[in-house]
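Protein chains in written order, with this note's numbering: chain G, 1 to 313; chain B, 1001 to 1313; chain S, 2001 to 2313; chain P, 3001 to 3313; chain Y, 4001 to 4313; chain W, 5001 to 5313.
Treat the hints as calculated values from the structure; they're not laboratory data.
Hints are all accurate, no fakes.
With a Cα cut of at most 20 Å, we get these calculated EDC-like pairs of lysine to aspartate or glutamate:
1) P:K3296 to S:D2094
2) G:K284 to B:D1094
3) G:K284 to W:E5183
4) B:K1281 to S:D2177
5) W:K5295 to Y:D4094
6) P:K3263 to Y:E4183
7) W:K5274 to G:E183
8) P:K3284 to Y:E4183
9) Y:K4289 to W:D5094
10) W:K5284 to Y:D4094
11) B:K1284 to G:D94
12) P:K3273 to Y:E4183
13) B:K1263 to S:E2183
Residues from chain P that keep clear of chain S, each with C-beta distances beyond 12 Å, as calculated:
14) L3245
15) K3247
16) D3254
The beta-carbon is built from N, C-alpha and C at its ideal position, and this holds for glycine as well.
Residue-level listing of the chains:
6 protein chains.
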Amino acid sequence: MFHHVKDLQFNARVSRPDPRFANLLLEQFGGENGELAAAMQYFTQAFGAKAAHPDKYDMLMDIATEEFSHLEIVGATIQMLLKGVNGELKNAADSSEIMQVMDGKALKENIIHQALTANPQFVIITGGGVTPRNSQGIPWCASYVNSNGDLTVDLRTNLASESRAKLVYEHLMKFTDDPYIHETLSFLMTREVTHYKMFEAALNSIPDNFPPGVLAADPRFLQNTYNLSAGTVRGPWNEGEMPGLDKEFAYVADPVGQARETKGNTELPDLMKKELQDTEKLNKEMSGKKSGEEKKAEPRGVAQWSTYADPQD
Amino acid sequence: MFHHVKDLQFNARVSRPDPRFANLLLEQFGGENGELAAAMQYFTQAFGAKAAHPDKYDMLMDIATEEFSHLEIVGATIQMLLKGVNGELKNAADSSEIMQVMDGKALKENIIHQALTANPQFVIITGGGVTPRNSQGIPWCASYVNSNGDLTVDLRTNLASESRAKLVYEHLMKFTDDPYIHETLSFLMTREVTHYKMFEAALNSIPDNFPPGVLAADPRFLQNTYNLSAGTVRGPWNEGEMPGLDKEFAYVADPVGQARETKGNTELPDLMKKELQDTEKLNKEMSGKKSGEEKKAEPRGVAQWSTYADPQD
Amino acid sequence: MFHHVKDLQFNARVSRPDPRFANLLLEQFGGENGELAAAMQYFTQAFGAKAAHPDKYDMLMDIATEEFSHLEIVGATIQMLLKGVNGELKNAADSSEIMQVMDGKALKENIIHQALTANPQFVIITGGGVTPRNSQGIPWCASYVNSNGDLTVDLRTNLASESRAKLVYEHLMKFTDDPYIHETLSFLMTREVTHYKMFEAALNSIPDNFPPGVLAADPRFLQNTYNLSAGTVRGPWNEGEMPGLDKEFAYVADPVGQARETKGNTELPDLMKKELQDTEKLNKEMSGKKSGEEKKAEPRGVAQWSTYADPQD
Amino acid sequence: MFHHVKDLQFNARVSRPDPRFANLLLEQFGGENGELAAAMQYFTQAFGAKAAHPDKYDMLMDIATEEFSHLEIVGATIQMLLKGVNGELKNAADSSEIMQVMDGKALKENIIHQALTANPQFVIITGGGVTPRNSQGIPWCASYVNSNGDLTVDLRTNLASESRAKLVYEHLMKFTDDPYIHETLSFLMTREVTHYKMFEAALNSIPDNFPPGVLAADPRFLQNTYNLSAGTVRGPWNEGEMPGLDKEFAYVADPVGQARETKGNTELPDLMKKELQDTEKLNKEMSGKKSGEEKKAEPRGVAQWSTYADPQD
Amino acid sequence: MFHHVKDLQFNARVSRPDPRFANLLLEQFGGENGELAAAMQYFTQAFGAKAAHPDKYDMLMDIATEEFSHLEIVGATIQMLLKGVNGELKNAADSSEIMQVMDGKALKENIIHQALTANPQFVIITGGGVTPRNSQGIPWCASYVNSNGDLTVDLRTNLASESRAKLVYEHLMKFTDDPYIHETLSFLMTREVTHYKMFEAALNSIPDNFPPGVLAADPRFLQNTYNLSAGTVRGPWNEGEMPGLDKEFAYVADPVGQARETKGNTELPDLMKKELQDTEKLNKEMSGKKSGEEKKAEPRGVAQWSTYADPQD
Amino acid sequence: MFHHVKDLQFNARVSRPDPRFANLLLEQFGGENGELAAAMQYFTQAFGAKAAHPDKYDMLMDIATEEFSHLEIVGATIQMLLKGVNGELKNAADSSEIMQVMDGKALKENIIHQALTANPQFVIITGGGVTPRNSQGIPWCASYVNSNGDLTVDLRTNLASESRAKLVYEHLMKFTDDPYIHETLSFLMTREVTHYKMFEAALNSIPDNFPPGVLAADPRFLQNTYNLSAGTVRGPWNEGEMPGLDKEFAYVADPVGQARETKGNTELPDLMKKELQDTEKLNKEMSGKKSGEEKKAEPRGVAQWSTYADPQD
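Please model the complete structure; the sequences and the hints are all you need to start from.
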């Protein structure tokens, strides 16, 4: 269960209202790389990890909880950046000031002018408040969340998510010179780097973590790189050793010709027989191992999530 | 900031796996009336309430936090209902059992058979885990959340949300005879009723809470009810006193004729002059009052969200 | 079946084009709280009500029809606010004027300049016309519509919808000083208040309308309010009488401790036995009653929707 | 404004409940080619047509109104196909029968069994009622609606929409042998054909209706057809006369080579000079004409939508 | 399989950066009528056509491939219009220039100012790059694609799609005076016209292409046009000959009355018996023919997509 | 520009129709981790890379093109798995066989029965063809695509995408025993592994690739790991060395206390001054370097995408 403390994890402060920056910051509240996306991703991944990997469950739930706390920091900052909007809207019977805005006669400092320009929904729908939408009004959507029931996949997904979230904070920092907000963003950006390292360490701690999932690659199709965009540049990604594997990239200069000659890669030279058999054997071993981990961990009979044992720290 | 305790608020237990019910239960995890929708709605409403209505902020954050805890209960139950799916999927090299499923030869008790039938993504995408989608695979979407910066509106929104959530739990209870799950659902359903009463009490505690928002109704257009669906039945909703107002419904039997006679309701008999003036005056008063509440509550100068004062209880 | 009369229910007029306000007004055409959402909500609710509650069916269809007529008023206003855009776009071979816009040299009064700034789709996609999208271009989506087959739920949903719609009109009125549009918005805003009162009266006319749905609350879990957001403020929503129930709120100061002590609320003191039995009995009675209402009302044999009997008024 | 008559345009009847067919039929209620999509498309197109093309406005509004009436027929049929579901759900305290469903012991004729299998939301969310979603639960979305402010485009859009709607009814007819529903579907399918013919006649009545929009095609790029999918089959679509134009298709056998030789189609032989000049002249004429039609039709000064003149027939 | 050549089909050039036009142009990259929508529509239609209509399959795949190439042209143009944005963003440690933008002190020529104003995601999310979203940030969505497994329907769908795409290019041309971009847009716009003519020719080459699909219209319901929007204007779309059919429109002046008199069109005068029988016979013939075409074309036994026969041209 | 060859890259074959597996396979056609998502992701990333990183541009375009070719393989397989559906649907006048399906009397081998059960849209909407939707009918959506204008971010995004795509193919392989399809899936699964290795090698070839983006982490906030989910398990992810950094994780056992003591992490011990200055200096250097790479690579004056120089290989 969750518990809430009114103090923020980071002491978010704002020097002055700025609806335009509030709108940009929505990307990290309700955007595709934002805190809600991160929180919900780790939270949903945690459920699947609990039985067989209680240590990773704990890590995922820790970070999910931190991301919910970051969501709160971002929301608080947005709300403070919109200071004055709600009060002005509630002055419903007197629109003289706003009409100056609509007529272009208002000072640019007018908060309603700024809010309206930044995001029409700030003044029509949200009443000057935060909303789980991005900087262009797209409602947050669970398509942003990936949770696939396999730690070697989920943790790699998380490395990518943290990378994007870090970049977005980096971009956001360019668009404000409020030193308080700079501090907040620096905190939030850095925490994404820390999480990256935590997920990396967790992935490293899993033996047999490549390829992601259970099955090995089919040796017949693994080494080819195809020249499909005429005029291919050669580099470490299509020649030399495949990183971490004991194999070399094989460059196919004429992929259309190769497809025809091999009847669509079904009539390949027969060199791989032994390797195929090894792969099959490996697949069975890995299936047994990974499947066993899950099955062994699951309780028999009635399932119960919590123990209500000794108080936890 | 949030803190997480591994024990659930309610001791969720499951007698036996049941992917079909797991799929139904997704409605309350990632569906339009589910716990994530409730949690995010009260959470976003809370930000706007904090300055001028710190007591309602606290109530909204309390209930939001409880809904996040309920989200966890629902997720845990779904995960337990899918016990066995992930282990079976990880047995990637041996599909003999699954193929019996696909060929219709498997026992109906086969867990993969049940999962595949209930929701194809359980076996292809989520790896037998929970996902913030509804029972038909629609990703959760922030369009389910309403937060409008006005407590008289937000609280009414919440009364409706709790009503729908309660009904969904009521429906769900019919589709399982697992006594443990029954208990869990009874707890969750009842909490929606409690929240309903809490929101009702909070709304009652706000003076001038009707009409929602600030402006009064325009007396010229308030009392009419139109017979627009030929053959209107008369009832308390179109005759007699308007509840809580000192006015009567006025029944317009021929709305097309009425529109023509009044030039589209712009040429009405002049009886309302005095009432219009009263309304205007009331609007100004209410604007001053409600706007003042907000403006007065907002800090001047640098805004800071938290105080880090005495530890809270 | 529907019939259409070219005269609007309200005589919508517009003093001068104003694409920016046209864009704001899209919220009430294709937005989440707009007229299409209202019309479709009451329209879909009406189908389910027809057999057992023909009087409420009539009311819902009446108001749905009025909302479709309001949708038309809003659309007509938007179209008039965009006067000139389509004509300018059709002058396809001469972009000299528009290029002054793009170069920032055009007068701010230029209609294309205004339209482009307000909403790029006005000039690229809709040809200066109305579109069922909101002020940020999000296409209208049926997720905005709630229809749950239970009048005590549906009517509460509608009270919330009308509250939000009323507030949006209130906000919109601040952003125009066109007196004609003010009149139109005052009419539309007030009709939401009237509908609110109609739905309220209809809900009041249903006996046994709380809790929404059929089942009573579980007495074991009903009265608790949890201090989940450290530092809870006490108020009528967590102390004293629960409104309309003959019970008091029970305040749980340490919810984590309480969960542990009660094994997640499953080991509660045994005081409620009698009340639980009463609840069960009540549930059976209510099930019989509400279920009976529906079943009795449904025709046996071939179902036919209309009677084509006496002409209706 | 709209008016509603309780009798349906077609006498929808249903022999017996059939939730599975109800689910299929949702495609025509809340699906991409359904009645709501059609109604909203013609309705939004009508606004833009009103000033300059009041006759087409009337036609669009006529057909929109008919589509709303068809939406009602489809909804009524779905509701009748779900007869019994709501009553069963309201029997909330007794789930004995449903549990037989969940355990696979229920008769296949059990209505809840059928509803749950057809669409889980029928029993959890909609209470056995209609919903503006498609057969897979996707909420209706305004992306289905195209309205572009140009009749030569809009009418062609409508020919396509009617074609798809007709096909969907044709498919649906295969999935029921209820003779009453067959009659209803035959009526609805045929009306799509009639509308197709009405839109075709309206398009034919517009002079200069090709190409759609205002500008003529650029003669330099008009005639080429490219062999981009190696091994092109020749047919009337890439050889011989271009239908209705006084030109021939020109077949480019080696498009990659052609792009290189012509520097990406920018260095073409200079044969088209005269034709280019003619095109430019034509563009100016057409711009003047089409733009003039719009501009001339728009009222000066205050805009008013309706006249409230003589009662219309 | 696809092959890519780095040269564009048209030599896209850009005189100077212009983020605002880049944003408008997104409509044709990730918008509802854009190149991705066209490419994916013809691509998915092609699969279904391949067995029975290999010539149309080839045409659809040809045009799909051209649309992918156009997508590349549009993307390249957007990228060039955003020149400078990414470099400026990567200058992450120095926001002095950007802050002048945020403070309104920057020159309007500043590229970040322009990008931020045009589309906040250009500077926060896409790093100054192209994105499959429209001019208002809506992610491209497969609801834009219609593919229905019937060529007489699909080709009509395509005529409409090409009409809309042509109009959008026409509109876009008004918003830039860069002569290079004008050339590019003129090429792209014209290709839509060519495709229109190709689809038209293909449709004409199919015998029995009306009505779309297989079944004939029901003669009892085909000829009526209803006066549903009071005050109907008469024109070729509701009087005289139905284009291409040997029938006349029949005008129903009072549709409500007609519905009542005919019991919802179920009690019609018996004149059509013979025609109904003819229709039924025709339906059987057409079913046999169209169904046969498909069935005959499908291979028996193992299905194989490609032949890897002689190299294709 | 793209070119298409009718032979598939892999010789996709299908032993017998299987609509259920066709539906599962839709995940890799129009699903979140499918081939369209991959193709569009690398394709959009490629545009941004072209100027400053032409070698990575080539790699991205190569792999994008291969993913489009895989999309075609998946689509072809789905189409072959649906063999017979379209022919049956076109037999529109005879529904005797289908009605046996609807009545539950049909053989389970009936293709329409299978298609209808697998996915109702196969028989109502797509005409037995492929569609860019996932296994639950959700239309493909560009939210699945991440492209952020920074190679160190984009390549990490791609590692995650390939991991997920690989896992989905692994899961799919369990649900068919058709040896031809097994071969196809083994090819497609393995290609994801190859792409993973290509992206990994490309990322390794970029110096200074951590942290992603430009700015270094803020040393004050980098090392902490918080015990936010009471009862944290210790492991390499929250103790010991941070992988690849010359720092250690610092474990915060009481994060709420820590936040209060440090006033929300703003009053930290002053040990980091020197490191902060170093970070700032590093940030400036990296900004200069990364920004310079982009700026230097962009052409001055008119931008042109292609050279049409020597034919490419």
